[in-house]
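**Student:** The residues making up each chain are set out below.
Number of protein chains: 2
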Amino acid sequence: MKTLGEFELIERYFKRPARRAALGVGDDCALLAPAPGMQLAISSDMLVEGRHFLATVDPVLLGHKALAVNLSDLAACGAKPLAFTLALALPRAEAKWLEPFAHGLLALADAQGCELIGGDTTQGPLNICITVFGEVPAGQALLRSGAKAGDDLYLSGNVGDARLALEVFRGTVSVPSAVFQLARARMEQPTPRVALGLALRGIASSAIDISDGLLGDLGHILKQSAVGASVDTDAAVSRVAARAAYASVEPLAGTTVTPAQWLEWALAGGDDYELLFTAAPSQRAAVLAASEASQTAVTRIGRIEAERGLRLVDGQGQTGPNSYTSFDHFA
Amino acid sequence: MKTLGEFELIERYFKRPARRAALGVGDDCALLAPAPGMQLAISSDMLVEGRHFLATVDPVLLGHKALAVNLSDLAACGAKPLAFTLALALPRAEAKWLEPFAHGLLALADAQGCELIGGDTTQGPLNICITVFGEVPAGQALLRSGAKAGDDLYLSGNVGDARLALEVFRGTVSVPSAVFQLARARMEQPTPRVALGLALRGIASSAIDISDGLLGDLGHILKQSAVGASVDTDAAVSRVAARAAYASVEPLAGTTVTPAQWLEWALAGGDDYELLFTAAPSQRAAVLAASEASQTAVTRIGRIEAERGLRLVDGQGQTGPNSYTSFDHFA
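Respectively, the protein sequence lines represent chains P and C. Start counting the first sequence at 51; every next residue gets the next number (my numbering). Start counting the second sequence at 51; every next residue gets the next number (my numbering).
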């Protein structure tokens, strides 16, 4: 097995000429200047083996996901991706892992116009820390604090599928192969909703990306906006893509997944990287147009209310309290 | 032992009102805008237990060091610290570790006017990844690529002491307690040379911070500037603070440290976080003034030459080739 030195590693897999940045990889600092009138949106996410990904994951997909979860934060702010830094702790510097990892990472970076401008590499337990930079016109960032009573509550894409895949890996449930493959793709290769986030500038009143579970992350909007919400649980559970796919593969009744599990995974599954956002009812046509322009499905799943707290409402109009807990890395 | 949840952890130890940033901790992204005409200097460093620090280190000092090594990169660019993000993987979220860690981290942050604006926390093997942001007037950043034949080569502060402390911890050498304490403080609590870096804007032709060893990091300047250098080894070894302190404690002859070890640690010890920089001979008075203004010792240790390669010259004028290798995390 060829082992690479640290500097050779950086040169070979990660050094590229600076494009947008004034100075890229290879000095003590990178240099970046947002355009006049723009603010820089900054987010940092750390991925740890066994916690955020399984040791068995394809390095191409891991490279994609490591950047995707960071781009998802930019999307939730309505920021346009510019650049990122990569800090990487690796047990061994091996070409057979680094090459596909860099490939997956830089393919998404190129697709999103997001430039690798610097970082760090070290020996250690596998850990991927990316800090991402985007730009947004001053005052136009989508924040968690802007939701108002009466606003509609929307969800992009699908939820719950990553959790299904995790449970299959854990062996707690079994599903047909075609369903598992769909769920696994959602877990291993999430699509950051950057285009939707950009399209929602000036339309959404608040937004967050769902990483720790729909209801848990909704809780951050409610707390920071000082409002409450009711959530249509049937609408939410309908967005589990694997559940919808099931019907075409095998009757739901024939599986080991219970209705309560589908609901739990939709509402509190985690690892979804979808946008949850609010907008005034007067913006419904604009939200639809943003969904179409960004080619991203958007589902209205509830409403913001003045009464604090979170109420779950099913298709029969039955209301219940929220008994789901958000994912906590230290729980 | 009280165990804290992730959100409680962030709230309690790391959330503070945003001052300079437009938006700080608590949303999907932080928002930052450099002043007009300024570029943002960005650097990222990852610290891993057993690699960059020992498990026995005081968390107060570790908090300091984690930020200091990043500020050292800003210093090497002549950038003024603005803000940083902190991503933290922890085996357990314990107040008895987090409180002193945050204290050491934020004390240095406050002293340097560098604001914590966001980050991430997760469960995992201890890993500290900081990305730091500074500002520098467009075109004035100190780069590795500006050294010219005939320039003087300078070193700030002291080198080799961190390596001495490491070797004592490893048990390969023994030194008197007072000498060890001095070296240990240098290893555990490096002083980022921010003030000197700012004072060298417009004076230094190139700069780098020494993290992997004096000669190894000098090699980056030489490569990127397409020049060579001769280094006065006596001048370099005179900058080992512990060696100088030795004389006042115990005769050097009475120790287990050999002259060759002192020299190796000065030239290739690593973990020094000093500035190595070049300036034209016409700037000698300006360099001295920058040293005085920043209250940072500066020593002239060599010269940049047109002939490529690195030549070591001792006090007797004897020249030898460079046989030292830079620290490589994967060697």
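Wrong hints could be hidden among the right ones.
Note that identical chains are pooled: a pair holds if it fits in a single copy or bridges any two copies.
To be verified - Cut-off 25 Å, straight-line C-alpha distance, at most; resulting in silico cross-link-like pairs (DMTMM-like, lysine to aspartate or glutamate):
(1) LYS130 with GLU357
(2) LYS130 with GLU185
(3) LYS65 with GLU149
(4) LYS65 with GLU185
(5) LYS273 with GLU342
(6) LYS65 with ASP160
(7) LYS65 with ASP202
(8) LYS198 with GLU217
Calculated from the structure, these hints are not laboratory results.
**Student:** Regarding LYS65 and ASP160, is the shortest C-alpha distance of 25 Å or less found within a copy, between copies, in both, or in neither?
**Tutor:** within (14 Å within a copy, 34 Å between copies)
**Student:** When no copy is specified for LYS130 and GLU185, does a C-alpha distance of 25 Å or less occur within a copy, between copies, both, or neither?
**Tutor:** Close inside one copy (5 Å) and across copies (21 Å); limit 25 Å.
**Student:** Up to 25 Å between alpha-carbons, please classify LYS65 paired with GLU149: within, between, both or neither.
**Tutor:** Answer is within; shortest intra-copy Cα gap is 13 Å, inter-copy 38 Å.
**Student:** For LYS130 and GLU357, with the copy left unspecified, which applies at a CA distance of at most 25 Å: within, between, both, or neither?
**Tutor:** Neither: 34 Å inside a chain and 46 Å across chains, both beyond 25 Å.
**Student:** Indicate which option fits the pair LYS273, GLU342 if close means a Cα-Cα distance not exceeding 25 Å: within, between, both or neither.
**Tutor:** neither (30 Å within a copy, 51 Å between copies)
**Student:** Since the copies are identical, ignore which copy is meant and state whether LYS65 and GLU185 lie within 25 Å (CA to CA) inside a copy, between copies, both or neither.
**Tutor:** Intra 23 Å, inter 23 Å, cutoff 25 Å: intra and inter.
**Student:** From the Cα coordinates, with 25 Å as the cut-off, is the pair LYS65 and ASP202 best called within, between, both, or neither?
**Tutor:** neither (45 Å within a copy, 30 Å between copies)
**Student:** Which holds for LYS198 with GLU217 at a C-alpha limit of 25 Å: within a copy, between copies, both or neither?
**Tutor:** neither (36 Å within a copy, 61 Å between copies)
In this structure, the earlier hints numbered 1, 5, 7, 8 are contradicted, and the remaining ones agree with it.
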